[in-house]
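In order, the protein sequence lines correspond to chains A and B. Count along the first sequence starting at 1, add 590, and that's the number in this note's numbering. Count along the second sequence starting at 1, add 69, and that's the number in this note's numbering.
Calculated directly from the structure, the hints in this document are not laboratory data. Hints should not be assumed to be uniformly reliable.
[As the list claims (entries may be wrong)] Restraint ranges, calculated between C-beta atoms of paired labels, are given here:
1) A:Ala628 x B:Leu114: 24 to 30 Å
2) B:Thr176 x A:Asp884: 26 to 32 Å
3) A:Leu934 x B:Arg357: 52 to 58 Å
4) A:Gly734 x B:Glu116: 43 to 49 Å
5) B:Thr104 x A:Ala628: 31 to 37 Å
6) B:Thr146 x A:Leu706: 56 to 62 Å
7) A:Val902 x B:Arg439: 41 to 47 Å
8) B:Leu114 x A:Ile736: 43 to 49 Å
Glycine is no exception: its CB is placed at the ideal position from the N, C-alpha and C atoms.
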Amino acid sequence: MIPVTETEISEKKSLLNAERVLLILTGAFLLVNFISMAILNSAFNLTDWLLFVVWLICAAVGDWWLARRLPRRDMLMFPLAMFLSGWGLLLINRLTQPFADRQAVWLVISVAVMMLVAGFPHALRWLRNYRYILLMFGLLLLIGTIILGRNPSGLLGAPQLWLGVGSVFFQPSEALKIILVAFLASYLAEQYPALRAEEMSGGRGFLNVSPRIYGPILLMWGISVIILVWQRDLGTAILFFIVFLVLLYVASGSTFILASGAALILIAGVVAYKLFAVVELRVDIWLNPWPEADGRAFQIVQSLLAFAAGGVFGQGIGQGSPGYIPVTHSDFIFAAVGEEWGLLGVIAIIACIAIYVTRGMRIAISQRPQSFLSLLAAGLSMLIAIQSLMIMGGVLKLIPLTGVTLPFLSYGGSSLLVSFIITGLLLRLSAGED
Amino acid sequence: MRSSREINRLLMVVLVGFTIIALAAMYWAIFGIDTILQREDNPRLFEAEAAILRGDIVDRRDQTLVTSEAAQDGVVTRNYIYPETSSALGYYSLRYGTAGVEAAYNTILRGDNRNFTAQLMHQPQVGTDIKLTLDLGIQQQIAQALNGRAGAVVVMGVPGGEVLALASLPTYNPNTLDADWEMLVEAPGKPFFNRALQANYQPGGTLQTLLMAAALLNRQPLETVIDNATDAVQLDNVDMTCAVRLPEMPLTLRDAYAFACPKPFEELAATLNREKVQDTFVTFRLNRPPTLDGFPAQPQIEPSVTPFPLITTDNLIENALGQGNLTVTPLEMAVMAAAIINDGNAPQPYTLAATRAPDSETWMPAEAVRPTIPYANANTARQLQDLMRGAVANGAAFNAARPNIDIGGHATIAYSGDETQAWFVGFATIAGRQAIAVAVVLENSNDPGLAADIGGTALAAAHEALRTN
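Bound-form chain A, shown alone (with noise of 0.2 Å):
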């Protein structure tokens, strides 16, 4: 469907390639956001700058360093990834600005570990080869989340998903994402074989799957379970199933899968709707949150009013007031985008982040002969796409909401670490690289 060539993914020599251009860009457009801050904050000084200074760095640095490790590489990911991210920083230096520092530090770390997987010699032969350790220490990372985790904001009754040490938390489940995607793009590339073998069978088969099946789908729903009971963590959850059931799907071939994937969810939703009292809460909002618009539902009314008050061209940046959305600059950051830049600026993420999925599911068919590194690409790919539908879909009023960072712009260190992470290894697969 989509034709790959080699052209396209192949080494640019000039000075000015495609990915130099797009950074270019990407600079201008930030720069002309922060002169607009400049100008109507009077607050604006030169820590705000330096946010900008520290994004160049970033860029510059990244750029060098890909071009040196990776010659090869996808051209695009990486401008993708630092536009998102630097609307990302502007925003939330824009919506609460003193979380801004911390979210450029975790930028610079992120960028520098995206480096690091770029750069480190065999990093996906070793994904590959340790999945097993991986996988134990990614357990064993959500066991100590559920024995030992913290709020940051320290709040009686929230969701304690961190891990902290000192005033740096890190939100174990984040991690848990690639390592997940890691060990079940091995563990299915295996299988593969089998699994293929199994749906050629035919259509009877559906009543005698073997356990190479539902062994990794109960492991998968068992971990979403106990991270829904134990952490209240109803996105992660949702979104780990999914994932897995796409790339259970990926490798067998079998709409089956996908289809009673998607009933189990649906079943499961409804027993959550009945045992647990967040996903009521979050169905019950979604369904009608009008009468409730100054009580339960005021988050996601507050974030359709930013969506209407943003209009076709938005407020300008800094001119809008999607400070009534709770917790913005995290989960609703999508809403304030819509509010002061608009339809447009909403697109324009939108198509972003479609472009980055399109691109990673490209990678994912041009590795098509090594099943590993083609289900590792789909896997982080569409983890990236389906918890960006999930946010982007919720602060819409499109499905419940789902307590989710969108990738890049959503304030989070580990979040934003993760998906660099993503963007290194997507690169490195790009690049042909194992």
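Once you've looked at the hints, dock chain B against the given chain A.
Same frame as chain A, now just chain B:
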């Protein structure tokens, strides 16, 4: 790996998902503007409203009555400088909306007619200043004369129809409205009720002027002596008497008018009959009372009843004596007085004199064509003027007299239930064709002399104000 089919399918599903997201965003961005954005709980409306720098309000002599002041946080506060004007000016509150002048000229004061670039560039919304026909000096003298009594005063310029003063008591302090709201809403005196424009008062003896007009038209003798003129009229267990206590004595119709004695008018109404009384009331437009543009009008007591009570043989007497289901507003009575001093042509009342755009220094007169409405012929009107001058010179309206000012008027009593209202309706002339008309009503008062005195004070103040410029 044979998975490109699956990968492409997944990608298609995801891209469809992104498209749906974009369409949903499009829906809210385009249709949300007229729907959810207008919700009352949208804090943006409140915030935008709070940031509007409403225009100033000045009186006819450029005395600033209301100003707006923007604080550091962008929230604008409205300052009402003179409490004497508050019942006319009304209020502007983020929480409770607008009333009075603030409501009548809300669009102008807000500056809502901004051009596209101003909106696009987020230039702060600055309203237009307005100049009223009200005169602060007159308002203050009326407030002083009323001295807190419940009632209303309307002063109009003739022949223009400009409303020079508009007072209604009890009133409220618009500067502390939000804090006082609960108390004001519950207050027994109904401070938000603009009595000058909205109140359904029994006209009582004020209708004697109209009956006199009918008598003049129908060539009824004014000088014939009526024997039992000072007798009380009993109506619905209420004894209606003259406006001032008189010994039992015969009076001419002219004198009975001067002292507002009801008995001769009961007989006059019977003589004139139902049809002629109704014709006169319709000619003086009691069925279509004047209103002020943008201000609340007199509410109909019972919507089921036709707005103008058809006068029947049964209710002729009570309606002719102003005690039927026909009610009037002080504004209506002021317009009647204005018609009489304007040779029968009623000027139409208005309050907006001029507007001044935000970045302009010059006042643009509020141009409007306001044709007068004929209430009576000039001959009748002049005879009524003389009757009213007589009532001030030697009658119940004596207290309205002021040295060196030509004043006419009629002071009467109206009964509603156990209460009485004192009325004064009058005029004063200024050199040339200019004049002033006034209507005063005092609630819970049986002292028409006091009403006349307040009317005299208002007329003298207006006389002074108009003469000097």
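Here's how the hints hold up against the structure:
Separation of Ala628 of chain A from Leu114 of chain B is about 29 Å and conforms to the stated range, judged on CB atoms against 24 to 30 Å. As the Cβ distance of Thr176 of chain B to Asp884 of chain A is approximately 29 Å, the hint placing it in 26 to 32 Å holds. Distance hint check: the CB atoms of Leu934 of chain A and Arg357 of chain B are about 55 Å apart, consistent with the given range 52 to 58 Å. Checking the proposed 43 to 49 Å range against Gly734 of chain A and Glu116 of chain B shows it holds: the Cβ atoms sit about 45 Å from each other.
The hinted range of 31 to 37 Å is satisfied by Thr104 of chain B and Ala628 of chain A, whose Cβ atoms lie roughly 36 Å apart. A beta carbon spacing of about 58 Å between Thr146 of chain B and Leu706 of chain A agrees with the range 56 to 62 Å that was offered as a hint. Distance hint check for Val902 of chain A and Arg439 of chain B: the Cβ-Cβ separation is about 44 Å, which falls inside the suggested range of 41 to 47 Å. Checked against the hint of 43 to 49 Å, the C-beta distance between Leu114 of chain B and Ile736 of chain A comes to roughly 45 Å, which is consistent with it.
No hint from the list above goes unmet by this structure.
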